[in-house]
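Protein chains in written order, with my numbering: chain L, 485 to 910; chain G, 575 to 866.
These are calculated hints, taken from the structure and not from any lab test.
Cβ atoms here follow ideal geometry from the backbone N, Cα and C, with glycine treated the same way.
Wrong hints could be hidden among the right ones.
Stated by the list, open to error - Residues from chain L shown here face chain G by an in silico Cβ test under 8 Å; the list is partial:
| id | residue |
| --- | --- |
| 1 | Ser804 |
| 2 | His812 |
| 3 | Leu816 |
| 4 | Met818 |
What the hints assert, rightly or not - Beta-carbon label-pair distances, calculated as ranges:
| id | chain 1 | residue 1 | chain 2 | residue 2 | range |
| --- | --- | --- | --- | --- | --- |
| 5 | G | His819 | L | Leu522 | 53 to 59 Å |
| 6 | G | Phe849 | L | Ala810 | 43 to 49 Å |
| 7 | G | Glu858 | L | Pro487 | 50 to 56 Å |
| 8 | G | Thr670 | L | Gly897 | 36 to 42 Å |
| 9 | L | Met757 | G | Gly654 | 55 to 61 Å |
| 10 | G | Lys631 | L | Ala810 | 31 to 37 Å |
| 11 | L | Ser793 | G | Lys691 | 26 to 32 Å |
| 12 | G | Asp669 | L | Leu512 | 50 to 56 Å |
| 13 | L | Phe720 | G | Phe849 | 33 to 39 Å |
| 14 | L | Leu902 | G | Ser846 | 58 to 64 Å |
| 15 | G | Thr670 | L | Phe847 | 57 to 63 Å |
| 16 | L | Ser793 | G | Phe849 | 31 to 37 Å |
| 17 | G | Asp669 | L | Leu889 | 50 to 56 Å |
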Amino acid sequence: MTPTTADKIQAGLKKRYAAERRFRGYGLVSVTIGLAALLLLFVSIIGNGYSAFQQTFVKLDVQFDEAVIDPKGTRDPQSLARADYGQLIKKTMRELFPEVKNRRDKRKLYKLVSPGAVFILQDMVRKDPELIGTSQTVWVPADDDVDMLIKGYIDRDVPESARRLNDKEIAWIDALAATGSLEKRFNKIFFTAGDSREPELAGIWGAVVGSFYTLVVTLALSFPIGVAAAVYLQEFAPRNRWTDFIEVNINNLAAVPSIVFGLLGLSVFLNFMSLPRSAPLVGGLVLSLMTLPTVIIASRASLQSVPPSIREGALGMGASQMQMVAHHVLPLAMPGMLTGTIIGMARALGESAPLLMIGMVAFIVNVPEGPLDPSTVLPVQIYLWADTPERAFVERTSAATLVLLAFLVIMNGAAVWLRKRFEQRW
Amino acid sequence: MLNQKQAVLLERPAKTNDVLPSAPVKIQDTDTKTVGQVTVDKPIMTTRNVDVYYDDKQAIRNVSIDIAYNEVLSMIGPSGCGKSTFLRCLNRMNDTIESARVTGSIELEGHDIYDKKTDVVTLRARVGMVFQKPNPFPKSVYENVAYGPRIHGLARNQSELDEIVETSLRRAGLWDEVKDRLREPGTGLSGGQQQRLCIARCIAVNPDVILMDEPCSALDPIATARIEELIDELRQNYSIVIVTHSMQQAARVSQRTAYFHLGDLIEVGETSIIFTNPQHKLTEDYLTGRFG
Ligand SMILES: Nc1ncnc2c1ncn2[C@@H]1O[C@H](COP(=O)(O)OP(=O)(O)O)[C@@H](O)[C@H]1O
Ligand SMILES: [Mg+2]
Numbered sequence: 485m486t487p488t489t490a491d492k493i494q495a496g497l498k499k500r501y502a503a504e505r506r507f508r509g510y511g512l513v514s515v516t517i518g519l520a521a522l523l524l525l526f527v528s529i530i531g532n533g534y535s536a537f538q539q540t541f542v543k544l545d546v547q548f549d550e551a552v553i554d555p556k557g558t559r560d561p562q563s564l565a566r567a568d569y570g571q572l573i574k575k576t577m578r579e580l581f582p583e584v585k586n587r588r589d590k591r592k593l594y595k596l597v598s599p600g601a602v603f604i605l606q607d608m609v610r611k612d613p614e615l616i617g618t619s620q621t622v623w624v625p626a627d628d629d630v631d632m633l634i635k636g637y638i639d640r641d642v643p644e645s646a647r648r649l650n651d652k653e654i655a656w657i658d659a660l661a662a663t664g665s666l667e668k669r670f671n672k673i674f675f676t677a678g679d680s681r682e683p684e685l686a687g688i689w690g691a692v693v694g695s696f697y698t699l700v701v702t703l704a705l706s707f708p709i710g711v712a713a714a715v716y717l718q719e720f721a722p723r724n725r726w727t728d729f730i731e732v733n734i735n736n737l738a739a740v741p742s743i744v745f746g747l748l749g750l751s752v753f754l755n756f757m758s759l760p761r762s763a764p765l766v767g768g769l770v771l772s773l774m775t776l777p778t779v780i781i782a783s784r785a786s787l788q789s790v791p792p793s794i795r796e797g798a799l800g801m802g803a804s805q806m807q808m809v810a811h812h813v814l815p816l817a818m819p820g821m822l823t824g825t826i827i828g829m830a831r832a833l834g835e836s837a838p839l840l841m842i843g844m845v846a847f848i849v850n851v852p853e854g855p856l857d858p859s860t861v862l863p864v865q866i867y868l869w870a871d872t873p874e875r876a877f878v879e880r881t882s883a884a885t886l887v888l889l890a891f892l893v894i895m896n897g898a899a900v901w902l903r904k905r906f907e908q909r910w
Numbered sequence: 575m576l577n578q579k580q581a582v583l584l585e586r587p588a589k590t591n592d593v594l595p596s597a598p599v600k601i602q603d604t605d606t607k608t609v610g611q612v613t614v615d616k617p618i619m620t621t622r623n624v625d626v627y628y629d630d631k632q633a634i635r636n637v638s639i640d641i642a643y644n645e646v647l648s649m650i651g652p653s654g655c656g657k658s659t660f661l662r663c664l665n666r667m668n669d670t671i672e673s674a675r676v677t678g679s680i681e682l683e684g685h686d687i688y689d690k691k692t693d694v695v696t697l698r699a700r701v702g703m704v705f706q707k708p709n710p711f712p713k714s715v716y717e718n719v720a721y722g723p724r725i726h727g728l729a730r731n732q733s734e735l736d737e738i739v740e741t742s743l744r745r746a747g748l749w750d751e752v753k754d755r756l757r758e759p760g761t762g763l764s765g766g767q768q769q770r771l772c773i774a775r776c777i778a779v780n781p782d783v784i785l786m787d788e789p790c791s792a793l794d795p796i797a798t799a800r801i802e803e804l805i806d807e808l809r810q811n812y813s814i815v816i817v818t819h820s821m822q823q824a825a826r827v828s829q830r831t832a833y834f835h836l837g838d839l840i841e842v843g844e845t846s847i848i849f850t851n852p853q854h855k856l857t858e859d860y861l862t863g864r865f866g
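Only chain L is shown next, with the shape it has when bound in the complex (with noise of 0.2 Å):
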């Protein structure tokens, strides 16, 4: 008996299921490796950098002392900005311990405190001259040696030659610790201050702002410049030798490494047109440079995706070839327009390299008060502090990161949630 087209079937049968199973396991190790992956990162990152979130402050009973702050009782503003409030520390640190007698322990204790105290007591004076005279209890922060003591990341067990803190350094802080007067709080300085030498008094906020700065001028450019050249390209351009040429281009631009755009910015910016370094407004426009191609490719791609009978309805009713394009083909394109931009700005945000070439690496403490300040961004400040030695950055390295990745998920959110929006609108 010869078999049957169902015998033949039934034969093949168990292969070819056998054959989907293998391939729906192969697809599920790949996912469970990605999310692995992508969990092993934020934990690493968040278990790196969670304790920044928090910085030891000391307690200190200082004594607004006239004799140091205004010895001539002026009371003038600008004589006191300039006195000595560090005196008014290390008399606190002496009553503190008066048992330290020499001249180098007595240094070693004075540095328990963060040399930003100096600056929280001038201020507090400068804000009201009233305290001169009294006596004020100060929180203010402890050094970063301290801080990495106080949080674990000291060894008490190495040598005390191998230790950042020797074994009177490391008694007067238990002793502090002992009397309530050192505590762990909200790491405000780190969200609000510039960068600094002193890690306890580094923050990402001077970054914060030339990333937003950057971005902004990047958004400015890139997204008017994109869209404009993609609807001329897409909807008007007549489809000849010219044209192909420029879309040949602008995707080959795409595909041109960041690094090169630095090259160029270092090159047409600061050494032709001589526009200041380290600018947002420079990184701007090396990073809309960047970008536009980006931008031009999916705001293509959405128009693209414009069906043709929207088209033909709309010249049918006799609209311009401008008020098809204006009414009917852009707002139904700009919700992919919007996706492209985003990501391409998502992009610029986490962009480091070419802002390297033209200077935004610099040590910048001052928070950039406008496009022209010198200033740095947030994953350049990432790379400084990832290349210093204190264990302190180590952990603020992590926790801008993290700062960095947040921006970045909110961005998405946005796009997500303004697609949806303009969606929801017909």
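Add chain G with the ligands to chain L, keeping to what the hints say.
Just chain G with the ligands now, with coordinates in the frame of chain L:
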């Protein structure tokens, strides 16, 4: 505001005792001759010796036909014979296809529509089009109908616009179904309603001629019947040219029928005569089902 060249096209002679500005272009003799009644006494549109090429490929050859006032002219023929191509010449929708090239003469009330002075925007306001697949704009029902009057500046204020929208929807037989959902998206209507919305959108600018390219091919029989009724009513005010793949539909809605075959216009005549007594062999073959 209308500029001069729009005014030329918009100014309409009275339909009763109009005098054509010029005699229609003479039909030139060629090897393919259309049989039957090609010309009419008072045409609103005349086409003479129209050829259309897509790049080098000729899609229609030497088509000459008149379209009368207040008539429904149907165009039938096997698919690919050039019905849509010819229809799209009548409001210059072929301009949007880069490879398309049109020669010959097409006149709307005596004015050459392919003349350099003719504004295509005004032309398309006077010769409207309804497409095969209903294509309402992804906006509200109201906005769909108001769009034409808006861009052509036909309403001076909101209440005039409201009135135009209501009249158009009534004429399209859609008012009662959508009057409570004017602000809802036009794309949310049923297929048949969408097509009637497209017709309403088209008549909102009060055109002279309405072109319909297989307007019922995507609709069910009930929606189709509804549109056919509507076409008959619209004939009171407009000239209608309809492409259809259904001979029954042509027989039901049209006064004259044109039969196309492989790019040639084979025969034109009164619908009743064409269907009962075709003169050309090809027409007869098609109608009796021996072809196509
Ligand atoms: N945009 C176009 N480009 C090239 N050829 C076309 C195009 N549109 C139609 N044609 C060709 O022209 C001929 C007539 O097409 P069409 O007018 O759509 O026929 P019908 O509507 O009668 O089915 C067909 O051979 C078709 O392939
Ligand atoms: Mg067709």
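Hint by hint, here is what the structure shows:
1. The beta carbon of L/Ser804 is positioned within 8 Å of a beta carbon in chain G (closest approach about 5 Å), and the interface hint is therefore held.
2. Interface restraint check for L/His812: the shortest CB-CB distance to chain G comes to about 6 Å, inside 8 Å, so the restraint holds.
3. For L/Leu816, the interface hint holds, since its Cβ comes within 8 Å of a Cβ in chain G; the closest pair sits about 7 Å apart.
4. Violation of the interface hint for L/Met818 is found here, the shortest Cβ-Cβ separation to chain G being roughly 12 Å, above the 8 Å cut-off.
5. Here the CB-CB span from G/His819 to L/Leu522 is close to 55 Å, well matched to the stated 53 to 59 Å.
6. Restraint check, G/Phe849 to L/Ala810: a C-beta distance of roughly 47 Å satisfies the suggested window 43 to 49 Å.
7. Checking the proposed 50 to 56 Å range against G/Glu858 and L/Pro487 shows it holds: the Cβ atoms sit about 54 Å from each other.
8. Taken as a hint, the range 36 to 42 Å holds for the pair G/Thr670 and L/Gly897, whose Cβ atoms sit roughly 39 Å apart.
9. For L/Met757 paired with G/Gly654, a C-beta distance near 60 Å keeps the hint of 55 to 61 Å intact.
10. At roughly 34 Å, the beta carbons of G/Lys631 and L/Ala810 sit within the given window of 31 to 37 Å.
11. Taking 26 to 32 Å as the suggested C-beta distance range, the pair L/Ser793 and G/Lys691 conforms, at roughly 30 Å.
12. Here the CB-CB span from G/Asp669 to L/Leu512 is close to 54 Å, well matched to the stated 50 to 56 Å.
13. In this structure, L/Phe720 and G/Phe849 break the distance hint of 33 to 39 Å, their C-beta atoms being roughly 47 Å apart.
14. Restraint check, L/Leu902 to G/Ser846: a C-beta distance of roughly 59 Å satisfies the suggested window 58 to 64 Å.
15. Under the hint 57 to 63 Å, the C-beta atoms of G/Thr670 and L/Phe847, about 59 Å apart, fit the expected range.
16. Our hint of 31 to 37 Å for L/Ser793 and G/Phe849 holds, since their Cβ atoms are close to 32 Å apart.
17. One distance hint, 50 to 56 Å for the beta-carbon pair G/Asp669 and L/Leu889, holds here, with the actual separation near 52 Å.
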